[in-house]
Amino acid sequence: MENKNGLFDKIITYIVLTFASLTILLPILWIIRTSMANRRIAYKIPPQWVFDPTIENYVAIFKDLNFLHFFMNSLIISLLSSLIAVMLAAVAAYSIARFKTGGTSLNVFILSTYMLPPIILIIPLFILVKSLGLLDTRLAVIIAYAGIHLPLLIWMMIGFFQGIPEALDESAMVDGCTRFQAFTKVILPVTAPGVIASFVMSFILAWNEFIIALIITGKTSRTLSVALSTLSTHQGVKIAELSAAIVLTILPIIALSFFIQRYLVYGLTFGAVK
Amino acid sequence: MKKLLLILAMILLLVFSALTVGAQEINILMEAVPDTTYVQELIPDFEEKTGIEVNVEVINYAEMHEKLIPQLISQEGAYDVIVVDNYWVGEFTTADWIIDLEPYIDKSDKINTDVYIDSMFNMVGQVNGTTYMLPFYNYAMALVYRTDILDEMNLQIPTKLTDYVELCNSVTEQTEYYGVVMQGLRPDPIAMEWLNYLYSMGGDFYDEDGNIIINNDKAVKALELYVENINNNAPDGATGFGFDQAFSVIANGKAFSYITYNWMLPKLNNEEESEVAGKVDIAQMPGGHSLNGGWGWAIPKSSPDKEAAWEFIEWVESFDVAKERALMGGSPTRNDVFNDEEVLENYPHYTEVKTILQGARPIPIMEDSTELIEVLGRELSLAANKDKTPQEALNTVAEHMKDLK
Numbered sequence: 001m002e003n004k005n006g007l008f009d010k011i012i013t014y015i016v017l018t019f020a021s022l023t024i025l026l027p028i029l030w031i032i033r034t035s036m037a038n039r040r041i042a043y044k045i046p047p048q049w050v051f052d053p054t055i056e057n058y059v060a061i062f063k064d065l066n067f068l069h070f071f072m073n074s075l076i077i078s079l080l081s082s083l084i085a086v087m088l089a090a091v092a093a094y095s096i097a098r099f100k101t102g103g104t105s106l107n108v109f110i111l112s113t114y115m116l117p118p119i120i121l122i123i124p125l126f127i128l129v130k131s132l133g134l135l136d137t138r139l140a141v142i143i144a145y146a147g148i149h150l151p152l153l154i155w156m157m158i159g160f161f162q163g164i165p166e167a168l169d170e171s172a173m174v175d176g177c178t179r180f181q182a183f184t185k186v187i188l189p190v191t192a193p194g195v196i197a198s199f200v201m202s203f204i205l206a207w208n209e210f211i212i213a214l215i216i217t218g219k220t221s222r223t224l225s226v227a228l229s230t231l232s233t234h235q236g237v238k239i240a241e242l243s244a245a246i247v248l249t250i251l252p253i254i255a256l257s258f259f260i261q262r263y264l265v266y267g268l269t270f271g272a273v274k
Numbered sequence: 001m002k003k004l005l006l007i008l009a010m011i012l013l014l015v016f017s018a019l020t021v022g023a024q025e026i027n028i029l030m031e032a033v034p035d036t037t038y039v040q041e042l043i044p045d046f047e048e049k050t051g052i053e054v055n056v057e058v059i060n061y062a063e064m065h066e067k068l069i070p071q072l073i074s075q076e077g078a079y080d081v082i083v084v085d086n087y088w089v090g091e092f093t094t095a096d097w098i099i100d101l102e103p104y105i106d107k108s109d110k111i112n113t114d115v116y117i118d119s120m121f122n123m124v125g126q127v128n129g130t131t132y133m134l135p136f137y138n139y140a141m142a143l144v145y146r147t148d149i150l151d152e153m154n155l156q157i158p159t160k161l162t163d164y165v166e167l168c169n170s171v172t173e174q175t176e177y178y179g180v181v182m183q184g185l186r187p188d189p190i191a192m193e194w195l196n197y198l199y200s201m202g203g204d205f206y207d208e209d210g211n212i213i214i215n216n217d218k219a220v221k222a223l224e225l226y227v228e229n230i231n232n233n234a235p236d237g238a239t240g241f242g243f244d245q246a247f248s249v250i251a252n253g254k255a256f257s258y259i260t261y262n263w264m265l266p267k268l269n270n271e272e273e274s275e276v277a278g279k280v281d282i283a284q285m286p287g288g289h290s291l292n293g294g295w296g297w298a299i300p301k302s303s304p305d306k307e308a309a310w311e312f313i314e315w316v317e318s319f320d321v322a323k324e325r326a327l328m329g330g331s332p333t334r335n336d337v338f339n340d341e342e343v344l345e346n347y348p349h350y351t352e353v354k355t356i357l358q359g360a361r362p363i364p365i366m367e368d369s370t371e372l373i374e375v376l377g378r379e380l381s382l383a384a385n386k387d388k389t390p391q392e393a394l395n396t397v398a399e400h401m402k403d404l405k
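Protein chains in written order, with my numbering: chain A, 1 to 274; chain B, 1 to 405.
Just so you know, these hints were derived from the structure itself, not from any lab. Since this is a predicted model, take the numbers as computed values, not measurements. One or more of the hints may lead you astray.
The following label-pair restraints were derived from C-beta to C-beta distances [said to hold, decoys possible]:
id	chain 1	residue 1	chain 2	residue 2	range
1	B	D163	A	M72	55 to 63 Å
2	A	M115	B	G240	32 to 40 Å
3	A	N38	B	G240	22 to 30 Å
Even for Gly, the Cβ is constructed at its ideal location relative to N, Cα and C.
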């Protein structure tokens with residue numbers, strides 16, 4: 001009887017999980033399907049389920065959209081901005097966690113700057129970038145992203161560092177480390193999952209960011225999110241090419257998620273319960 | 001510590017290698033449309049002649065306005081030349097963001113504004129007698145219809161809007177096709193579509209004295225006909241259709257007619273995208289007045305190099321280049337290009353397109369035109385879904401228009 005109940009529970013669990021997964025996976029599966037259809041089939045209503053798959057959309061985005069160039073832009077910008085942001089955030093968060101820098105209110109205050117809608121920053125940011133002569137450069141986007149993501153990362157990392165007993169720093173220093181060495185050689189390696197999780201979070205935010213990239217990039221430094229939007233034209237959305245581009249755009253994020261899944265879950269819950 | 005310094009040095013190196021400042025040439029912001037592609041293909045010719053390098057930055061319509069505003073309000077922007085949609089003409093000229101082109105035109109022996117079709121020049125050329133733009137391309141709307149269905153029924157495209165709705169009724173009743181496919185999505189698609197009905201019924205937003213007439217008898221009749229057509233003759237769900245859904249219905253051979261941009265005809269006649277290739281044609285809106293739309297070349301006040309910008313506009317709007325663009329498939333704005341034998345040989349339907357353009361009318365050129373379309377779209381949608389009567393919906397629009405500039 002117990003076994004039967006167990007089986008029944010399992011079936012219910014799987015049914016619920018299947019439906020829950022499908023709500024997330026179906027749009028992605030549909031995009032993958034559309035990316036292999038030609039333009040006529042892509043828009044057909046009711047949909048044509050069986051057709052000869054084609055790679056013409058993938059060829060088109062590399063040839064006509066210059067996909068690789070924008071992909072590299074996004075990759076360089078996301079990687080560098082995340083690296084810079086994580087490094088600065090780690091130092092700042094360590095300081096706040098250990099020395100109560102800025103008193104009790106600073107960590108809340110830091111996050112409050114992240115609460116500003118990015119659109120408010122657009123015009124000042126544009127004028128700043130323009131006056132520095134950095135319009136349409138990757139450097140401008142890297143600095144902007146690093147600065148904008150910094151508060152969130154600091155806030156995340158404060159929790160990680162608070163989760164590490166201070167005794168660990170002290171032991172390291174007793175053994176002859178300076179405070180900075182204790183931080184880089186002992187504390188950072190221990191919080192590595194949290195640091196990696198923060199890096200990934202920053203990378204994903206930068207990878208998907210649109211409005212800032214739209215305003216301060218141009219032809220050479222344009223990121224993928226902006227480049228993809230050009231596939232929505234006055235003559236309709238080029239849905240087949242767009243689907244192909246989306247498939248390639250989400251690949252790095254999916255790959256990254258698999259790679260760091262372990263760290264990500266650990267990192268996000270790290271310090272939640274002390 | 002050494003390791004950390006090494007990592008820092010590497011990052012700095014990467015950051016500086018990421019720095020790519022483009023050399024200063026002329027920069028143009030344009031929309032992702034075929035006409036832009038044709039210009040891009042011809043640009044090497046300009047670069048060779050003048051030695052000015054041209055960077056065309058292409059983005060989609062929805063983001064253009066957002067991208068332009070910071071550029072236009074700063075003292076020096078990045079764009080030397082921009083293209084202006086007729087929606088924005090009132091806003092850009094009132095805000096003094098684009099320069100008066102007349103001093104340049106006066107000096108030029110290549111540009112004569114008389115060659116443009118009046119309806120185009122009055123929309124994306126001059127405002128209150130001052131020339132701010134030169135018309136680049138048109139997107140006037142027109143009636144696209146299936147010739148095979150019309151032949152089968154032995155009928156002709158009528159000249160009055162009421163008869164057209166009757167024709168749609170007959171097609172729906174007597175054949176397996178929808179009489180019409182419509183785009184009832186709010187705000188832009190439905191507003192743009194209904195304005196063809198309004199203008200063809202002889203209605204308008206304002207009369208000659210500037211009085212609001214959007215809720216007069218003609219306008220109400222135009223909306224009644226629209227509501228009848230979308231509820232009786234269009235596919236289910238048409239009140240929520242945007243451009244893509246509507247296009248797919250006609251391209252898949254399910255509908256008899258569709259009011260859309262005139263340059264959708266070649267797209268529908270392209271076998272790769274449409275199942276009705278060879279069976280569609282274009283006609284003037286029954287009633288003679290469709291919605292006009294178009295883009296104009298302009299030089300922003302913040303343009304870093306206005307002389308080079310003008311040199312480009314002078315070249316791109318010269319007869320030869322305008323004709324070349326038309327031959328590639330572009331949508332002309334000049335009378336002489338429309339009348340050119342070689343152009344007509346390649347695109348015989350341009351005779352009809354010219355007639356369509358001559359009768360087409362734009363949305364009013366005003367500062368708040370975007371807000372006008374928002375309100376109009378919302379109210380039309382309520383009427384199409386029968387949540388309001390046509391008279392009630394248009395009364396609300398009229399009331400709101402009193403506050404618009």
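Against the structure, the hints:
{"no.": "1", "hint": "B:D163 x A:M72: 55 to 63 Å", "verdict": "58 Å, holds"}
{"no.": "2", "hint": "A:M115 x B:G240: 32 to 40 Å", "verdict": "34 Å, holds"}
{"no.": "3", "hint": "A:N38 x B:G240: 22 to 30 Å", "verdict": "26 Å, holds"}
In the structure shown, no violation is registered for any of the earlier numbered hints.
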